[in-house]
Structures are given as structure tokens and as C-alpha cells.
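Peer 1: Take a look at the letters that make up each chain.
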Amino acid sequence: MTESDTVERKRVVNASLTLGAAVGVTALSFGLAAVSAGASVWQACTLSFFTFTGASQFSAMSVVGAGGSPAAAFGGAALLAVRNFVYGLVLAGRVSTNDAGRRLSIPRRLLAAQFVIDETTAMTTAQSEPRLARTAFWVTALSLFVTWNLGTVVGALAGSVLDTEALGFDAAFPAAFLAMLPSHLRTSRGRAAAATGAVICLALTPFVPVGVAILVAVVAILFGVRP
Amino acid sequence: MNMTGNQLWWLIIVLSIVSYGLKAAGFVFVGGRTVPPTLERCMALIPASLLSALVVKDTFTTAQDLVLDARAAGLVVAVLAVWRKAPFIVVVLAAMAATALVRAVS
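Those protein sequence lines, which keep their order, are chains A and B. Sequential numbering from 1089 applies to the first sequence in the numbering used here. Sequential numbering from 74 applies to the second sequence in the numbering used here.
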């Protein structure tokens, strides 16, 4: 390995660890919000450990907090998780082999699959060199997994001893969703889908069970039909 | 919350299995193959349509009622924070603070 390789690798590792720290803070707000929506500390932590995909977790707890049914809470969260399937397709070619070019064992690929999310995809696909892409994937994956779960524990514990209503913890949900939105609004198609989704949700809310308006809002993806 | 603790556990278990299944299906089982472009374009729009729907649901509705309350102040502050490219935690804390403030004075 040359010196410039080492420098490049250090840069990738630093960026991945910094992202991990930022995600830990997001997890704090997830822990707080989940407890304010009615989950126990254990439930919030289990969700972060096994589901491990932020938008779906926030979405599920948001519907739970509003008094929706388990099915409605599940539906929206599962739809948001569909993008991880697409990320999996993209990452398979970049992360399924080791530095020697050999395919990873099945157990290791099954482990890697748990880490296929927004952040690992962004960090991995940003590297043009295959070895750096693999470094970016694994360092981002492990640093995020640690900080996401730690942040959730701390946030949930804090939320369980504070007056969540008076402190405005319920306002953490819309703010979190809003903060996740900008990268999806870069195209006119994305903006049209977002505007339509919001209008459908508000228009249907009085007429359908809690959480179902969110599910129907997904018809706004039909803006993607036109090439 | 209307759900019982047990129902919430079931939701967590099923959601965990399905979300891992989606990740593994793409990464391990289908692999580097491509999906039809129309389907890919539509799937790419899921976050935009759902996240914005969730924003308005969590700000302007309580169960099945449309409402305008302290959370709207939080959203206004959050929009400003996102527009100024503030970090995630600043957006969330600013929205919480604005909502708590309006609740305290009203």
C-alpha cells in the first residue's frame, strides 16, 4: 500500500466515524420520541437493534403515538424500508467480495445485510476505488450500529424520566421527518411526490383510521411512472 | 397510544423481520441485478411522499381531527432551521423548544 493509499483510507475512516457521531445524536431524539409515543425503554432499544433503519422506526412510533393500529404502523414503516432493498442491489456488487476478490461467506453477507441503509450506501457509493468502498461500508456500518443503539438507550432513558408533553417531545417527530426530507426534494419529481403525499394525508385524515392516510399518501410515487 | 404493550412487541418483531428481509433480499439474494427503470423511479419516490405526509400528520392532526396547535410553531422553526442547513439535532431541539414555549405561555 502506498502512502497516498493510507492517507485516502484515513480520510474515509474519519468521515465514516464523524457520520457515526452525528447519527448517534439522531438516535437520542429517536429514543426520546419513542418513549413519548408510549414505547418502553426495552421496546425502543429492540427496535433500534433489530430494525436498524431510522425513518421506518420514527414512522412506526409516530403512528403508535397517534393511536393507530399495529397494521397501519407496520405498513408505513415497511414501505419506507423498501428503499433498503434497492440499496442492497446497489451495494451487492461493491461489498460482497473481500480485498483479494473472493466472495464473502454467506454468514458474513447475511451480517452485512443488516447494515444496508441510507448512510452506508451514501458513503460506499461515494468511493471510486473498490478497496476504499469496502472500508467505507464496514467502518460506517459498525460506527453507526454502535452510536445508533447507544443513542437510543440514552434517549429512551432520559425520555422515561422527563415530562415529555411539557417539553415538546412530540414535536421531535415532524422535525425529524422534515430534516430527512431535503435530499429527496432535489428533483421536480421528488417535490411533486412530497407535495401530493402531504395533501393526500391531510385530506384523508378525517375519513380513514389513524395511520391509514400515511399509507394512501404513497400513491404519490406514481409520479415516477412517466420517464 | 391505544395499542397494548403486547401488540407493540408484535409490531416490533414483525417490522424487524420484514426490514431485515428487505435488506437481505436486495443484498444477498437478488444481488447486482437491476430492477425495471419505472419501478426503480417509483421506489425512489417513496421517502419523499411518506416523509412529507408524516410531517403534516404529526403537526396538523390529532387522531382523526385536523388541528392547529403548539406543534405548528415547532414546524415553522424546524423549516427555518432546515432551510439554514442546521444539523439534525438543532432542527429537532429548536422545534421541541418552540412547541414547549408556546404550550408554557398558552
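A portion of the hints provided could be inaccurate.
[Said to hold, decoys possible] Derived, one-sided and incomplete: chain A residues facing chain B with beta-carbon distance under 10 Å:
(1) LEU1105
(2) LEU1135
(3) THR1139
(4) LEU1266
(5) LEU1273
(6) PRO1315
[Stated by the list, open to error] Simulated crosslink set (SDA-like; lysine to any residue; CA at most 25 Å straight-line):
(7) B/LYS158 to A/SER1157
(8) B/LYS158 to A/SER1231
(9) B/LYS158 to A/THR1275
Worth flagging that the hints you see were computed from the coordinates, not collected in a lab. Backbone N, C-alpha and C fix where the C-beta goes; we use that ideal spot for every residue, glycine too.
Peer 1: Hints first: check each against the structure and report whether it holds.
Peer 2: Tested hints:
no.	hint	in the structure
1	LEU1105	violated, 16 Å
2	LEU1135	holds, 5 Å
3	THR1139	holds, 5 Å
4	LEU1266	holds, 5 Å
5	LEU1273	holds, 7 Å
6	PRO1315	holds, 7 Å
7	B/LYS158 to A/SER1157	violated, 35 Å
8	B/LYS158 to A/SER1231	holds, 24 Å
9	B/LYS158 to A/THR1275	holds, 18 Å
Checked against the numbered hints given earlier, this structure breaks hints 1 and 7; the rest are met.
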